[in-house]
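Please model the complete structure; the sequences and the hints are all you need to start from.
Just so you know, the protein sequences line up as chains A and B, in that order.
Take the first sequence: its position 4, counting from 1, is numbered 4 in this note's numbering, and each next residue is one higher.
Take the second sequence: its position 52, counting from 1, is numbered 52 in this note's numbering, and each next residue is one higher.
If you are wondering where the hints come from, they were derived from the structure by calculation, not from laboratory data.
It cannot be assumed that every hint is accurate.
Stretch by stretch, here's where chain B covers chain A in the computed footprint (C-beta under 8 Å, at least three residues) [unchecked claim]: (1) 1-8; (2) 16-24; (3) 32-39; (4) 50-64.
Backbone N, C-alpha and C define an ideal beta-carbon position, used for all residues, glycine too.
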Amino acid sequence: MSNGYVFLSIAAMAVTTYLIRMLPMAIFRKKIENRWIKSFLYYVPYVVLSAMTFPAIFTSTGSVLGAASGCAVAIMLAYFDKGLLTVAIGAAAMAFIVQFAGM
Amino acid sequence: MNLKEVKEGIKVGIPIALGYFAVSVAFGVSSVQSGVPFWGATLISLTNLTSAGQKAGVDVMAAGGSIFLIVLTTLIINMRYFLMGVSMSQKVEEKMPMWKRLLIAFGITDEIYAMSMSRSTHLTGSYMAGLIIPPIFGWTGGTLVGSVATGFMPSILAEAMGIALYGMFIAVIVPPSRRNGNVLLGVISAVILSVAFTYAPVLQIFSEWSVIIITVLVSAFMATFFPVKEGADNE
Chain A
1 MSNGYVFLSI
11 AAMAVTTYLI
21 RMLPMAIFRK
31 KIENRWIKSF
41 LYYVPYVVLS
51 AMTFPAIFTS
61 TGSVLGAASG
71 CAVAIMLAYF
81 DKGLLTVAIG
91 AAAMAFIVQF
101 AGM
Chain B
1 MNLKEVKEGI
11 KVGIPIALGY
21 FAVSVAFGVS
31 SVQSGVPFWG
41 ATLISLTNLT
51 SAGQKAGVDV
61 MAAGGSIFLI
71 VLTTLIINMR
81 YFLMGVSMSQ
91 KVEEKMPMWK
101 RLLIAFGITD
111 EIYAMSMSRS
121 THLTGSYMAG
131 LIIPPIFGWT
141 GGTLVGSVAT
151 GFMPSILAEA
161 MGIALYGMFI
171 AVIVPPSRRN
181 GNVLLGVISA
191 VILSVAFTYA
201 PVLQIFSEWS
211 VIIITVLVSA
221 FMATFFPVKE
231 GADNE
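This is how it looks when you write it as structure tokens:
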């Protein structure tokens, strides 16, 4: 990855992200009333995170079995409403243990 | 500057900062493993202050995607901040000058937004400074630590940390899926499509674009056939 590419990519991300946050604060101060747009934006975070997480999570560590175990632990902890951090650390700890055990 | 307001903001900002620190260590590790240099990972965190958008951006970078694709991915994934900005703009002091609005806008994240909205009174610039600045340090500092430490930690530990960000995403997805069948349907559709884009030979050609395509398709489908109830507060 060339430094120029890294720098350009970061600038592109930063400017895009800031504009999204800034425009409503500075200019469009009217509430969005359109039900379709509101619904669309409501679903976006869950859909994005699901698509990013699966199946990528299974290859996110050194072993597929470790990753799958970490994933299972994460789903279980999240199901019982544990916080973001607990779930993240639980998943990593499980993946580490399984990998450490040489599986 | 109203010191009492700053202090109140900091009280809420510190716990967010600690959480961000831990998660961003994992972001730093996974970015370096994707081939992004440590300064790049740190600069991304300092200038973006968002988890999913950054991770998606790094994924595109790792695949050598175009700048156009990076902008589009960032745009789609972070679009929710637009809605948050709209409601935030109505919660800040009415007479707040433009430059303060412009600064506060930088700090709109899921957690900071949630804490701002749960405040019973309007938001002052001092309160928001206290609320936003600690998380910026936590998020950027954690990324720096994680991305620099990657080279020094045993590879098995660095590898295990690759899953931490995904764990956090699961913590965001699962609870609402449990309570709301529509969210669950959206999640399952996204997972099925994502697996198809990863493994189906025809779709693999578009794999760099998969997150955008899936997000637009599934969210549009859900918004059309399962719109959220009018008047419900969804953010």
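To see whether the hints hold, each was checked on the structure:
1. Chain B is given as covering the region 1-8 of chain A, and this holds because 6 residues of the stretch bring a CB closer than 8 Å to a CB of that chain, at least three being needed.
2. Counting residues of the region 16-24 of chain A whose CB lies closer than 8 Å to any CB of chain B gives 8, so the stated coverage by that chain holds, three being the minimum.
3. A stretch counts as covered by a chain when three or more of its residues have a beta carbon under 8 Å from one of that chain; for the region 32-39 of chain A and chain B the count is 6, and the coverage holds.
4. Under the rule that three or more residues need a Cβ within less than 8 Å of chain B, the assignment of the region 50-64 of chain A holds, with 11 such residues.
When held up to the earlier numbered hints, the structure conflicts with none and fits them all.
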